[in-house]
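Participant: Given only the sequences and the hints, what does the whole structure look like? Please build it.
Chain residues, written in single-letter form:
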Amino acid sequence: MRPNTPWQKLVDALTSMKLTLACLGLMMALTVICTLAQVPLGTHAAVDRTIRTFLVWWQPEGSSLNIPVFPGGGLIGALLFINLALGQFMKLEWSRRKIGLWIAHLGLAFLFLGEFSTAFFQVESHMPIEIGQTRDYTEDYRQMELAVVEKTDAQHDSATAIPESMLKGSSEISHPSLPFKLRVKHYYENAALSMRSPSDPPSEATAGVGADLVVHPEPPVSGEDQQNTIAALVSASALDGRDLGSLWLSNALGAPQGFIIEGRDFALSLRPRRYYLPFSLTLKEFHHDKYAGTDIPKNFSSLVHLSEPGRGEDRDALISMNNPLRYGGKAFYQASFGKNDTLSVFQVIQNPGWLIPYLSCILVSLGMLIHFGMKLAGALGGSK
Amino acid sequence: MSKCYTDFVNIIYCLIIIISFSACRQEKIEVRQVSKEAPSPVSMPGAGSMPSGMIDAPPHAHGVSWTPPAGWKEAPGNGIRLATFTPPQDPGKSEATVVALPGDAGGELANVNRWRGQIGLTPIDAGLMAEARKSVRSNLGAVTVYDFTGEGTKKSRMVVGMIKVEETSWYFKLMGDEKAVGQNKAAFIKLLEGLKNDAS
Chain A
1 MRPNTPWQKL VDALTSMKLT LACLGLMMAL TVICTLAQVP LGTHAAVDRT
51 IRTFLVWWQP EGSSLNIPVF PGGGLIGALL FINLALGQFM KLEWSRRKIG
101 LWIAHLGLAF LFLGEFSTAF FQVESHMPIE IGQTRDYTED YRQMELAVVE
151 KTDAQHDSAT AIPESMLKGS SEISHPSLPF KLRVKHYYEN AALSMRSPSD
201 PPSEATAGVG ADLVVHPEPP VSGEDQQNTI AALVSASALD GRDLGSLWLS
251 NALGAPQGFI IEGRDFALSL RPRRYYLPFS LTLKEFHHDK YAGTDIPKNF
301 SSLVHLSEPG RGEDRDALIS MNNPLRYGGK AFYQASFGKN DTLSVFQVIQ
351 NPGWLIPYLS CILVSLGMLI HFGMKLAGAL GGSK
Chain B
1 MSKCYTDFVN IIYCLIIIIS FSACRQEKIE VRQVSKEAPS PVSMPGAGSM
51 PSGMIDAPPH AHGVSWTPPA GWKEAPGNGI RLATFTPPQD PGKSEATVVA
101 LPGDAGGELA NVNRWRGQIG LTPIDAGLMA EARKSVRSNL GAVTVYDFTG
151 EGTKKSRMVV GMIKVEETSW YFKLMGDEKA VGQNKAAFIK LLEGLKNDAS
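Protein sequences, first through last, are from chains A and B. At position 198 of the first sequence the residue is numbered 198 (our numbering), and the sequence of numbers has no breaks. At position 112 of the second sequence the residue is numbered 112 (our numbering), and the sequence of numbers has no breaks.
Think of the hints as simulated: they come from the structure by calculation, not from any bench. Note that this is a predicted model, so its numbers are computed, not measured. Treat the hints with caution; some may be incorrect.
[Said to hold, decoys possible] Counterexamples of contact, computed for chain B against chain A with all Cβ distances above 10 Å: (1) K28; (2) W72; (3) P88; (4) L128; (5) V136; (6) G150; (7) G182.
[As the list claims (entries may be wrong)] The calculated PhoX-like cross-link candidates involving lysine-lysine, where the alpha carbons are at most 25 Å apart (straight line), are: (8) A:K339 with B:K28; (9) B:K155 with A:K151; (10) B:K154 with A:K181; (11) B:K73 with A:K284; (12) B:K134 with B:K179; (13) B:K28 with A:K185; (14) B:K36 with A:K284; (15) A:K151 with B:K28; (16) B:K28 with A:K181; (17) A:K339 with B:K179; (18) B:K173 with A:K151; (19) A:K168 with B:K28; (20) B:K155 with A:K181.
All C-beta atoms, glycine included, are put in the ideal place defined by N, C-alpha and C.
Facilitator: Listed below in structure tokens is the structure:
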């Protein structure tokens, strides 16, 4: 019988086998596109731009226009999930005999949802911390932010973080907390910085260390062990229009640069994006254990002190390999170390759906146990 | 209207909803109060597995050493800034820094005008620069000193000492609130007079 109501027509379209085949075909094509994209972009960027997105965007050379050219993994996955889930509900048998299959399929659906949660909601960052140091923020090395820090107050700083996405356009940046406006004249995803020689043309920067630098844009690097030198030429002007100068900012220039306006001291820097925490960690000890008589690493562990006065948390915690600290919706994993074992680096993962894969495994196992158990019981009962 | 066309239209409606949802997330400027921090460890690319490489602090330029005045807190450098001092007089209102750059680093006039720009002063020519130039004696030779005060209701002030040692230009800068810089200037000049060769 042909569907009559709009809802029936929609359901019919979403449960059609043609949609299933189309989604599977698009997924295969997307896998090839992502694999090829890893060469120029690197693994992480290729996955971000093709799989963990609803649309694959293309920006023509020299243009600021972004054109969607292919459905992304998020869109194809969502459509396929809806297609299979609706098909399951609308077309398969509802009976006690199939309950094991229903539970197992529900587990598979949760696996799908878990990956969706990871792709679109997981936030990954790092916390490098030295022994004796206290940190209340983590850093994302794959995203930058322009930090405008007012240092006027003796007790605290006021940090205004401008996300990287706002730096790539050329429009004016202003905020009620700042007595000046900013405009990004150039933004390079990778650049080569060198000192100016007398024969070089004058720098475009009129203030800060950038006035002595030559900055050339370079193709972005994609290797896992490589890092782009991001550079931005930022001009500042007071609210009355007075020019405060132009600064070259870069993640390669460690020291912040800035100016004083009306007695307020501001420092600008381009730094990895920070996620501030409501609690702090202090690294008390770091251990790099080796097997006796060898240089083979046995274990890496960090003893930290966790403090969140608002919740009364004030305790030590041990972070070691495969034993993260889970607190505040985040998991702190022991990731790396340095500086003669005085620096520990934690990988910090925030994923609201981190339990979903575990739930999925439980449901699939339970469903299969029930289904095969019922089959076995039926077979044994029939053979008597 | 054919069934295929109707199916296609229905799917497009769903796509528009999905795309609209995905476009809703816009990043915004965030402002927060944070505690004063010391220079952070050297940033490193995200390393996912143990064991990983060692991370070393950036190398320091050599050739000049200094003795901080009594009561001045010295913090290690970060990038091209080799050291940061916090004077005790009016803490937080002034700060001294040490920067070393190769060669002439753009020349004296360009640097003077860049420093003047940092406190809102207009550029000057070579003649006015020569009038503003002072000098103090150190163990390394003459240190050129400039003292500029900004304008406006809340004035800023900057005292800069510069000296070239071999092929490196060294800049010692005390900057901050006019009153605080004035109180700390004498100690800062003593720091400049105490510059000596770095034996290491």
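Participant: Each of the hints needs a verdict: does it hold here or not?
Facilitator: These are the hints, each one checked on the structure:
{"no.": "1", "hint": "K28", "result": "7 Å, violated"}
{"no.": "2", "hint": "W72", "result": "16 Å, holds"}
{"no.": "3", "hint": "P88", "result": "12 Å, holds"}
{"no.": "4", "hint": "L128", "result": "18 Å, holds"}
{"no.": "5", "hint": "V136", "result": "24 Å, holds"}
{"no.": "6", "hint": "G150", "result": "7 Å, violated"}
{"no.": "7", "hint": "G182", "result": "15 Å, holds"}
{"no.": "8", "hint": "A:K339 with B:K28", "result": "36 Å, violated"}
{"no.": "9", "hint": "B:K155 with A:K151", "result": "16 Å, holds"}
{"no.": "10", "hint": "B:K154 with A:K181", "result": "20 Å, holds"}
{"no.": "11", "hint": "B:K73 with A:K284", "result": "24 Å, holds"}
{"no.": "12", "hint": "B:K134 with B:K179", "result": "21 Å, holds"}
{"no.": "13", "hint": "B:K28 with A:K185", "result": "20 Å, holds"}
{"no.": "14", "hint": "B:K36 with A:K284", "result": "21 Å, holds"}
{"no.": "15", "hint": "A:K151 with B:K28", "result": "22 Å, holds"}
{"no.": "16", "hint": "B:K28 with A:K181", "result": "16 Å, holds"}
{"no.": "17", "hint": "A:K339 with B:K179", "result": "40 Å, violated"}
{"no.": "18", "hint": "B:K173 with A:K151", "result": "17 Å, holds"}
{"no.": "19", "hint": "A:K168 with B:K28", "result": "14 Å, holds"}
{"no.": "20", "hint": "B:K155 with A:K181", "result": "21 Å, holds"}
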